[in-house]
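Peer 1: Sequence:
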Amino acid sequence: MTVAATPIASVPPLAARARAVGGSPVRDILAVTARPEVINFAGGLPAPELFDRDGVAAAFRHVLEETPGRALQYATTEGEPALRERLAQRMSVRGLPTDADDLLVTTGSQQGLSLLATALVDAGDTVLVEEPCYLAALQVFGLAGARIVAVPGDADGPDPEALAELVVRERPKLLYTVPTFQNPTGRTLPAERRAALASVAARHGLWIIEDDPYGELRYEGERVPWIAAHPDARDRTVLLGSFSKVMAPGLRLGWLRAPAELRRACAVAKQAADLHTPTVNQLAAARYLAVSDLDAHVARVAAVYRERRDAMLAGLPDALPQGSVWNRPEGGMFLWVRLPETYDAAALLPTVVREDVAYVPGAPFHPGEPDRSTLRLCFVTQTPEEIAEGLRRLGRGLRGAADA
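Note that my numbering numbers the sequence shown so that position 116 is 116, with each residue one more than the last.
Treat the hints with care, as some may be off.
Claimed, not checked - Beta-carbon label-pair distances, calculated as ranges:
1) T342 with R53: 45 to 51 Å
2) R264 with D318: 50 to 56 Å
3) A58 with P12: 46 to 52 Å
4) V21 with L45: 22 to 28 Å
5) V168 with R328: 34 to 40 Å
6) E307 with A20: 40 to 46 Å
7) E170 with A34: 39 to 45 Å
Read the hints as simulated data drawn from the structure, not as lab findings. Cβ coordinates follow ideal geometry from the N, Cα and C atoms, glycine included.
Starting from the given sequences, assemble the full structure and let the hints guide the process.
Peer 2: Below is the structure:
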């Protein structure tokens with residue numbers, strides 16, 4: 001007896017949002033340049049040798065030895081009270097009065113951004129972003145089905161007048177900004193610009209998402225107050241923070257500070273996403289804040305990063321073609337380069353990688369018309385000596401590409 005073969009139908013397609021949004025070009029470049037001989041200016045990774053391994057390990061040992069049942073158990077979605085209290089104290093000291101109940105602990109600040117997109121953005125809604133913009137934010141809003149519109153700006157960030165015109169014309173839900181040591185440009189919005197953006201949001205009805213993963217990594221200059229502390233924006237600004245750049249990214253600990261209704265909506269979205277951020281990580285971070293001096297640790301890290309920034313700035317004139325321009329960030333992890341207009345940083349990258357050095361082309365950071373002559377350099381992961389050698393390789397690669 002012959003049994004007929006069962007006809008095989010194709011499976012249903014992926015969701016339209018998954019088909020429409022690509023992966024991160026930065027992650028793709030990191031995969032290509034993972035060879036140990038490559039000096040990688042492409043990543044946004046903090047320097048691992050500067051992690052406070054002893055302090056973090058001691059904090060984990062304490063919570064696992066003293067409160068193992070609690071540390072290894074489920075927890076509330078909003079986050080461990082001890083950690084939220086410590087975070088609220090840090091924010092209050094820095095000029096933004098905050099209670100523990102104002103905060104939601106997230107699994108990295110990237111999750112906070114995703115929760116906000118879930119809570120605020122319907123498919124087809126308009127979202128305003130900086131030009132250029134943090135890549136993973138473009139991914140989040142793209143997956144939410146948003147229409148992403150860039151706000152024209154200058155070296156000081158988004159132009160408030162252009163923002164006001166766009167709000168009237170486009171009726172967006174929110175503006176997303178990284179105002180301090182921005183990724184990718186390293187720029188910082190001055191206090192006057194922040195006040196102007198807050199005023200536009202107040203007059204026209206707009207949420208502001210203020211992402212601040214780098215703000216504590218200041219090497220020089222005076223700290224600029226958060227947009228969230230501005231009177232015009234207090235009821236409409238969400239502030240995102242993270243331990244990734246100041247403690248360790250592997251902890252995956254972030255938080256958001258938001259008005260009550262929006263914070264509750266984000267908590268519901270988080271319940272659907274992961275129930276809660278790992279309890280043991282939260283308790284260890286709270287213990288670390290209680291017994292260690294995080295500010296002193298950050299100051300030590302910032303001093304090293306400043307030396308590395310200065311090493312990159314010193315080597316750029318010889319590495320880059322004549323006519324290139326770049327900025328001098330006061331902190332953070334990145335600086336932004338614009339090559340002469342005839343250069344295409346993405347097209348040049350394969351030739352440069354053959355010299356065992358890498359950068360991130362600037363075009364993917366632009367939600368609108370890309371500036372193909374731009375590129376991002378991360379200066380914190382390598383020593384000054386490695387940076388000098390990497391820039392020599394970069395110069396050879398760019399010259400070789402230009403001669404080809």
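Peer 1: Taking the beta carbons of R264 and D318, is their distance inside 50 to 56 Å?
Peer 2: holds, 55 Å
Peer 1: Is 45 to 51 Å right for how far apart the beta carbons of T342 and R53 are?
Peer 2: At roughly 47 Å between Cβ atoms, R53 and T342 fall inside 45 to 51 Å, so the hint holds.
Peer 1: CB of E170 to CB of A34, is that within 39 to 45 Å?
Peer 2: holds, 41 Å
Peer 1: Assuming the hint says 40 to 46 Å, is it satisfied by the Cβ distance from E307 to A20 or not?
Peer 2: holds, 43 Å
Peer 1: Would you say the C-beta atoms of A58 and P12 sit inside 46 to 52 Å of each other?
Peer 2: holds, 50 Å
Peer 1: A range of 34 to 40 Å was offered for this pair. Does it hold for the Cβ distance of V168 and R328?
Peer 2: holds, 35 Å
Peer 1: Is it true that the C-beta distance of V21 to L45 lies inside 22 to 28 Å, as the hint says?
Peer 2: About 23 Å separates the Cβ atoms of V21 and L45, which means 22 to 28 Å holds.
The structure is consistent with each of the numbered hints, conforming to all of them.
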